[in-house]
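Given the structure of chain A, go ahead and fit chain B onto it with the hints provided.
Each chain, letter by letter, is given below.
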Amino acid sequence: MSLDPALALRLESVSKSLGGRTVLAGVDLAVPVGERVALIGPSGAGKTTLLRLAAGVLAPDAGRVTVLGQDTAHLHGRELKQVRRDVGLLYQLDNLVPSLRVVHNVLMGRLGHWSAARALLSLLIPQQLGLARSALARVELAHRLWALPGELSGGEQQRVAVARLLVQSPRLMLADEPVASLDVRLGREIIQLLCSIAREQGRTLLVSLHALDLLGGHVDRVIALSGGTIAWQGPPEALSQPVLRRVYGAEYESLRLADVALGKGGA
Amino acid sequence: MTPLEPAQAGGAAGSAPARRPLGNLLWLAATLLAVGLSVAWLTWDFSTLASAPARAAAWERLCGFTRALAQPDLDPGYLRLCLAWTHETVTTALAGTLLGLVLGWAVAVGASRAFALDGAPAARGLLPRARRLVVRSLVEACRLLLDVLRGVPDFVWAVVLLPALGTGRLTGTLAIGLSVAGILGKIFSELWDGVPPRRLEPVRLLGSGRLACHLYGTQPMAARSMVSFTLMRVECAIRNASVLGVVVGGGLGGAIDDELSNGDYARVGTVVLFIFAVTAVADLLSNLVRRQLRNDPNHPRVRRASPRAQVVATYAGVGLLVAMFGWAVADHLRPKVAANTNVLLSSGFSQPAVSDVQRALDSIGTLGEQSWIEVVAAKYLVPDLSAPTVLGALESTLTPLSVAVVGTLLAVLGAMLLAWMGSVAYQLEPQRFTGERSGGSSALLALRRAGRALLFGLGRMLALVARSVPEVLWAIILIRLLSLGTLPAILAIAIHSSGVLARVFTETVDNIPYRRLEQSSVGSRLGSFVMVAAPTCWRDWMTYAFFQFEVNVRMGVVLGLVGLSGLGMAFGEARQWAIWGQASTLLLVMVLLTTVIDRIARALRLGRGPAS
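Protein chains in written order, with the working numbering: chain A, 659 to 925; chain B, 36 to 647.
It is worth saying that the hints were derived from the structure and are not from the lab. A quick note: this is a predicted structure, and the numbers were derived from the prediction, not measured. Be aware that one or more of the hints could be misleading.
[Unchecked claim] Label pairs and their calculated CB-CB ranges:
1) SER854(A) x LEU72(B): 52 to 60 Å
2) GLU858(A) x LEU72(B): 50 to 58 Å
3) GLN891(A) x PRO237(B): 49 to 57 Å
4) GLY808(A) x LEU355(B): 54 to 62 Å
5) GLY492(B) x SER854(A): 44 to 52 Å
6) ALA638(B) x GLY808(A): 19 to 27 Å
7) SER773(A) x LEU72(B): 45 to 53 Å
8) GLY808(A) x ALA344(B): 49 to 57 Å
9) MET577(B) x GLY885(A): 43 to 51 Å
10) VAL901(A) x SER341(B): 56 to 64 Å
11) GLY492(B) x GLY702(A): 54 to 62 Å
12) GLY492(B) x VAL691(A): 21 to 29 Å
[To be verified] Stretch-level coverage of chain A by chain B, calculated; a stretch enters the list once three of its residues show a Cβ under 8 Å from a Cβ in chain B:
13) 681 to 689
14) 743 to 752
15) 758 to 766
We put the beta carbon where it would ideally sit given N, CA and C, even for glycine.
Chain A with its partners taken away, still in its complex shape (with noise of 0.2 Å):
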């Protein structure tokens, strides 16, 4: 069951405690190969920690998480490598070297295809410059190749780990409120250009977002997290105002989650 090679990820029953902390409590879920799904829910909820079990970074305590057919609790060797080269992972917030220029942050995406020889040389002559060029114009950035992160602004650098992300073409993409410290509208367009290139290339996509007016027609499934069990799940245009309320709770009133729109007609 656990190797069904039309799931990307699946967790079956998966507990994990944080400095003595219950952070998911039995958790099952599957995720098909193809799938967008976004991940909400108040913060403490267990999204990160979710998305770093199915990242494989974090093991989880009990249950079994299994990612592209591969068990993490036994990473290693080949595996861990196979696994590292499909998932791909983009954080909130620094996800690029400072102090490496654009291209260079953009071409880290061929590590898991490059002996550590030609990484370092990359740094001299950059490698795959044509793959680094193609990934930064979809991501609309071809004139920043050689700018270093600093010089980009909030929205500019997500956009880069994207271009990454493309560079390295994982089966399954992961992540954790890529658009949190950005404003609405360039939120809007790092999730959808995410999306999109779910869609074109048909990988898997597991997205955890805390603005919900961003989830309109993007994502086939919304997972709604409370207290570290899943409280709901279902297609976007099924979240309504009483789930909101009873995912959220306290947070719903200071979220003023009561004037978002949902549905299709999210933007």
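Only chain B this time, still in chain A's reference frame:
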């Protein structure tokens, strides 16, 4: 990081280079050029390695030496003597550092713009302006004094002081003190000036005066770095004190020189082991203390102590420091019989017990026909500025410079390798960012992890041995093995500096939060090290490397006193033949050399950043 408005983003667009910048390639070309010129300038003598019999002989010497190290002379009498020398080394280093600390601090106050000029805006009117001018020239004078103190290496200070104070311990103490004062004074003033004025504003707004502002504002903000740098100086002082004797006689260093000449390698082995023990212990202790000082909340292994425990630890630390310094100073003032080989040989005679300070004072009084003060005033202070002497002196800087260039480059390469080997993140716990785990039992993974742990231990140990054995000791050992020439000097500098740099390189690598490594560990660990860790740390690495280069140029001068040609040797000879004018010119050139390198580093902004 705050989200930027689109307007701001548009504004930044103009500054981003549209074409490929060639900075890195230019740096690489400049480095290669410098190395090429250095290699071309130096005279290379591979005769000890050129022919098969010569290689066999060198190999034989190496084996003999290694065997002797493995079987040191453990005669109780000799061990007692070594212990006395070690005691002497430690107290000399501590008292020297204390002297340097006090003197350096005092001059640093004058050299600090933040303190002397008070960061106040330029006042109008003739009188305030004149006052400001005077203060500013005082600042410059203090900086010049620091340059002089720092530019002349401690070994050379010892040679300068030798005729006046004799071979007693005070010569070493003063030599180390003067050199440490120069280095710490510069560092302290830079750290104080590096504190952003904005952060001092709250203290200033309370109406505090200059001193209060310094004590409650600047000083606390720089304190952590100051303690850290002082500790490194103590370590360095212990290392140098242990081998000062090679140049000025006496102590552990003098014994090594004597026993090498006698060919008694077993005794050389004993002394080397003592030197290694004392420097390695100092190194590990200072590491331990500096780790407590680390205050980076992002550090992967940060530990938070309660405020009460922190205060107690601070008091305990300061108390320990005072006790150690007090012990060292008291040791200088306590009357005792000099500990040297002659005492052992002539133990039948009773020698009067005198303190080191008293002995040095006696020495000044009994300097033959001329007092030393006269010599200094009349001879050392009158440089010979004739064109041939000056040109010769300037040309003699090329050898230590070239040796430092090649040695430092080799050291940087070695240190990067050692940093990879000795990194906790990459060797001991990569699973924390790669997600590697065995689940059940995997013999292969266990083997792989054991291999990494072995590599880690090896890297750390190599670095410790490389940096614990002082350059001068490496040099005289390598000279015996490879004969006199450039190669032993370069190797000595490269080996020692790679150990020194490896420590700071490893620290910067292990300071990177794991989250950063997580996202980019797409490939192998080595690939991640090359593409993420090294670039992240690069600027720090280059700052350390350039600082080490400056140290190595001075060390190139010092190695001249034990056989390398160039500035150091020229100075040693001028001193020996009492050509005071020339010796004085050479001292000036030493100061000039350090000052020029320092100014270049500042211009390239490779200097120490603001206090962290």
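Inset, instruction - Identify every previously stated hint that the structure contradicts and give their numbers, smallest first. - result: 4, 7, 8, 10, 11, 12, 13
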